[in-house]
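Participant: Put together the whole structure using the sequences plus the hints.
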Amino acid sequence: MYNFLFYFLIEVFGVIFMILSFSVILVYLLIMIFSALEMRDYRRKNRFIDYQDIITSPLAPGVSIIAPAFNEEATIVNNVKSLLSLHYGKFEVIIVNDGSRDNTLQKLINAFQLQKTEFFYYSEIKTQAIRGVYRSENKSFRRLTIIDKENGGKADALNAGINISQMEILACIDVDCILSSDSITRMVRPFMEETNKKVIAVGGAIGIANNCDIKDGTVTTYRVPESAIGRFQVVEYCRAFLMGRMAWSRINGLMLISGAFGFFKKDIVLAVGGYFPNTVGEDMELVVRMRRYMQEKRIPYRVGFVPDPLCWTEVPEDEKVLERQRNRWMRGTIETLQLHQKIGLKPRYGILGMVSFPFWTVFEKLAPILEIIGLLYTLTLLILGDFSVVYFIALLLMIYLLSMLVSTFSVLFEQLAFNNYKNKKDLYRLIGTILLEPIMIHPKIVWWGLKGHIDFIIGRGGWGKMIRTGFKSAEERKNLDSQSIAS
Amino acid sequence: MTRRLVHIFVFWLFGFSAIGQSYDSLFSSPEQLIKELTLHQEINSLEYRFHLPNSSLLIDSLENRGLTFKKIGSDWYSSSYSDWSKLDSLQNLFSIGGVEFLIYKEPADFQGVVSYLETLNSTGDFVLASAAPSSNENIILEAVNSNYQPRDDYKYWISSDWKFSAVLLTIFLFLVGSIGMILFLLILKSKRNREEELQKVYDELVVGPLTTLLFEKDLAQLEEISPEELQHFFPNAPFQKPLFRIVLINRIIGLNKKMKGDFKDKLKHIYKKLNLTDDTNRLLKSKSWSDVTTGIVQVNEMDLLEFLLEVKKHTNSPNFQVRNQAGATLLNLSENVDLTFLKEQAYPLSDWQQMHYLRIIKYVQANKSLEISVLFKSENQTVRCFGIKLVKILGRLDLLDELRELTKHARPDEIIEVLKTYGALGAHMEIDFINNCLKNPLPEIRDTAIKVTGDLGNEESIEILLELLKSNPNIPLRKLILGSLFRLNREVFEEYILKYPQFENQSIRKELTDQVLQHV
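Residue numbers (the working numbering), protein chains in the order written: chain A, 231 to 717; chain B, 30 to 549.
Just so you know, these hints were derived from the structure itself, not from any lab. Among the clues, some could well be false.
Have a look at the derived ranges for each label pair, beta carbon to beta carbon [as the list claims (entries may be wrong)]:
{"no.": "1", "chain 1": "A", "residue 1": "Ile263", "chain 2": "B", "residue 2": "Pro502", "range": "50 to 56 Å"}
{"no.": "2", "chain 1": "B", "residue 1": "Pro502", "chain 2": "A", "residue 2": "Lys702", "range": "25 to 31 Å"}
{"no.": "3", "chain 1": "A", "residue 1": "Ile263", "chain 2": "B", "residue 2": "Glu253", "range": "54 to 60 Å"}
{"no.": "4", "chain 1": "A", "residue 1": "Asp446", "chain 2": "B", "residue 2": "Asp294", "range": "38 to 44 Å"}
{"no.": "5", "chain 1": "A", "residue 1": "Arg578", "chain 2": "B", "residue 2": "Pro502", "range": "34 to 40 Å"}
{"no.": "6", "chain 1": "A", "residue 1": "Ile263", "chain 2": "B", "residue 2": "Leu338", "range": "35 to 41 Å"}
{"no.": "7", "chain 1": "B", "residue 1": "Val236", "chain 2": "A", "residue 2": "Glu367", "range": "49 to 55 Å"}
{"no.": "8", "chain 1": "B", "residue 1": "Lys480", "chain 2": "A", "residue 2": "Leu267", "range": "42 to 48 Å"}
{"no.": "9", "chain 1": "A", "residue 1": "Asp446", "chain 2": "B", "residue 2": "Thr240", "range": "32 to 38 Å"}
Partner residues aside, some chain A positions facing chain B, computed with beta carbon under 8 Å [as the list claims (entries may be wrong)]:
{"no.": "10", "residue": "Arg274"}
{"no.": "11", "residue": "Phe278"}
{"no.": "12", "residue": "Asp283"}
{"no.": "13", "residue": "Ile284"}
{"no.": "14", "residue": "Leu289"}
{"no.": "15", "residue": "Tyr621"}
{"no.": "16", "residue": "Thr638"}
With a straight-line Cα cutoff of 30 Å, these simulated DSS-like cross-link-like pairs (lysine-lysine) come out [to be verified]:
{"no.": "17", "chain 1": "A", "residue 1": "Lys445", "chain 2": "A", "residue 2": "Lys369"}
{"no.": "18", "chain 1": "A", "residue 1": "Lys384", "chain 2": "B", "residue 2": "Lys508"}
{"no.": "19", "chain 1": "A", "residue 1": "Lys495", "chain 2": "B", "residue 2": "Lys508"}
{"no.": "20", "chain 1": "B", "residue 1": "Lys289", "chain 2": "B", "residue 2": "Lys391"}
{"no.": "21", "chain 1": "B", "residue 1": "Lys539", "chain 2": "A", "residue 2": "Lys356"}
{"no.": "22", "chain 1": "B", "residue 1": "Lys218", "chain 2": "A", "residue 2": "Lys655"}
{"no.": "23", "chain 1": "B", "residue 1": "Lys468", "chain 2": "A", "residue 2": "Lys527"}
{"no.": "24", "chain 1": "B", "residue 1": "Lys286", "chain 2": "A", "residue 2": "Lys275"}
{"no.": "25", "chain 1": "B", "residue 1": "Lys468", "chain 2": "A", "residue 2": "Lys496"}
{"no.": "26", "chain 1": "B", "residue 1": "Lys229", "chain 2": "A", "residue 2": "Lys445"}
{"no.": "27", "chain 1": "A", "residue 1": "Lys428", "chain 2": "B", "residue 2": "Lys418"}
C-beta atoms are modelled at their ideal positions from N, C-alpha and C, and glycine is treated no differently.
Facilitator: What follows is the structure in structure tokens.
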């Protein structure tokens, strides 16, 4: 009886893994096709756009740039200067000093002639206590506001910025990001173009600044990073931003906007209660909650994406740092999917519930677990002697080819659309990375992802009770504020 | 006794030898024989037939089933059969008849058949089916006894394993698809690179002659030159090549944007003389939205008034880019800035379109008359809202009466725009409408009215604001009301704070009176 059950399970697992393998191939081929179509349309539209109008037009929306800062004394002044010099008419820069233990605040006060004001801070979204709001008497820095607050994490700092923001669009960024001077004009366009649907958020592509030349806050010469881990992240970013997000944008299925560079409609952010501070995946969680809100209210909406290289960041080239980042990303993904588990496979939530959510669950959240189970399954077959070398090689070949194809396609995509990496040597190094990535880097990524699962289960990294239960509705997060702060 | 015992022993021995004999014999009974025979298909020279009693009725019915009989004496006999495996089924048909064995076509009884089979068995020509050795005893014997059947299945062993076939098929499709896609991209990139190089070459062919024409010929001279002569200014220029014409058009449009006065006219003249308008016309009639948009942009940049009718057809295009550019071109080129096309817009006007049109309207209104009020009559709410915004941005105080008329049937978005317009234009005469809006149940309208009241309010407004404060509004609303009150009447504001010195009110007061915040 048990013998039969065992072999039956082996057979069932075999079929499941085969279906999964085919699904991976099908999904990635579809992603490639959708992203190509979206990029073609985007580039065609761009030919007719004049971005000069928007800088001075009275009809252009106002933008509040919110950047949390924690122990950034080394770079904060230059970063803020760079933000203040963006080409746009109606914008403000809000820097939230999230309880830095170094001289971040003092450096800002000195550099921008700041004074503590009597600004009446009202927590429409609950946050940690505010120590003070600073403004400058110097008219040159009239756009700048500094909030000094108790440490509460990135989400909490962003919420403080949202509370005092004056404009209708929120640009939530990492303070150490380098923004192109025309980044606001380009990111605001999708909000202004749409007529039949409300654009609730727009994501931007992130470029990798390691080893690049930077002048006046803009990357002037692109070079791939020296380390293999850095180069791997270049390929990965091409895959994620130029392929993945473009494809999801095509079917209005985007569930993630990078926390380093994302634009949001303020009224919707306030309606859903702002960022959720109890998760490490606050960027993804906010987008999912905003989308959920629109679906529940039955308001037609769209989440846009701009593929132009407008924002650059430095990626970790140290394995330990990268491991922590991936662990955090995985926990953030699990937490978000757990919080919003109610939307999964519910036709009421449209593309979000029927396509995006299942995709993230199977191909992102469960990916490391499935890969490990696959490995164990192969070992079991090997021990039983029921192991087909032909099958194994065929499947391995198939998956390796897929990985190669997707990565090559994304790099080619970058070459066709933007052609940033002009040096042939850089291209060859990227191709080398593509060939080695499935063998050298991917196993580590799987392992770090798995550790993220383990950390989530044992509670390392922090997650509250409400993550297990999830929100009943998108607006429910507001009611959890008091609990979150208390806990 | 001893004799009796000997007799019993002999009898026993005899009996046992009989049993032993019967055990030595292959078959002990006719039933066993028939059972064994039915397990074989054919046995060399051993056949059987059925004999039936004289019954013409039965013979007739059996002959109707295709069986043949012959009469021997008084009995009927069937034809002989050699396939023993059919014995059972045939016996069911001849239920009232009996089986008769035939050895070498001659009738034989049970013993005769047994003896015949024993002979065959001894020579190896007959093996008992029930005694056939199992495969694990002697695989070679099994092979000898098995009928040969070609196993065609093994020829297609791949197709027999559906999982492996699926894997192979997927790998194949995947490889073909992916390689095809990469090849496509590579071809596209190389094509683009080639195009870029060609464009550079063509651009070099174009720039020199264009400069010569612009700086060495005046407009009158250009008018006299025939198209053929004009083409001679461009030696080696492949005018028939589409890419060259695109480069030429783009270069002319580029120069037109940068230059002023006479040069613009010369460029337009060259554009027409070189028949580049044919390209524009072709683009306008294309089915691709990007081609049509390109054509409209060319009409706009080169002032090709003859195509305005064609452009007008596209003002209600379902494609956003097409209708946006068509609208902009009509605004830019039409003699009188006729906004009727805008009034008739079926699609909502996006903020982007409004921004685009506003720039053109601001530019053309200095020289041409602008009938903004026509937009108030549009059935499209976004168009009406745009009309109101135009009043505000262009400072058209002359349209305030029409705005007042509009507010009688206005929707919330329009009321909000009207309030903002009143605020921007300082329309004190509309204070009654603004005060009414302070009591509007819609928060968006009420909040906008509160903001406007700060600059335009009167005594009645102060009363309403104080009434609103009595309803214990939330902090953002309280801040808004107190802010307006502060600007409207400082004394009333201070009185209120003295009367209600709660922490929030005191904090709001501190913010409103903060020197740094007032300064920025």
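Participant: Tell me the numbers of any earlier hints that the structure contravenes, in ascending order.
Facilitator: none
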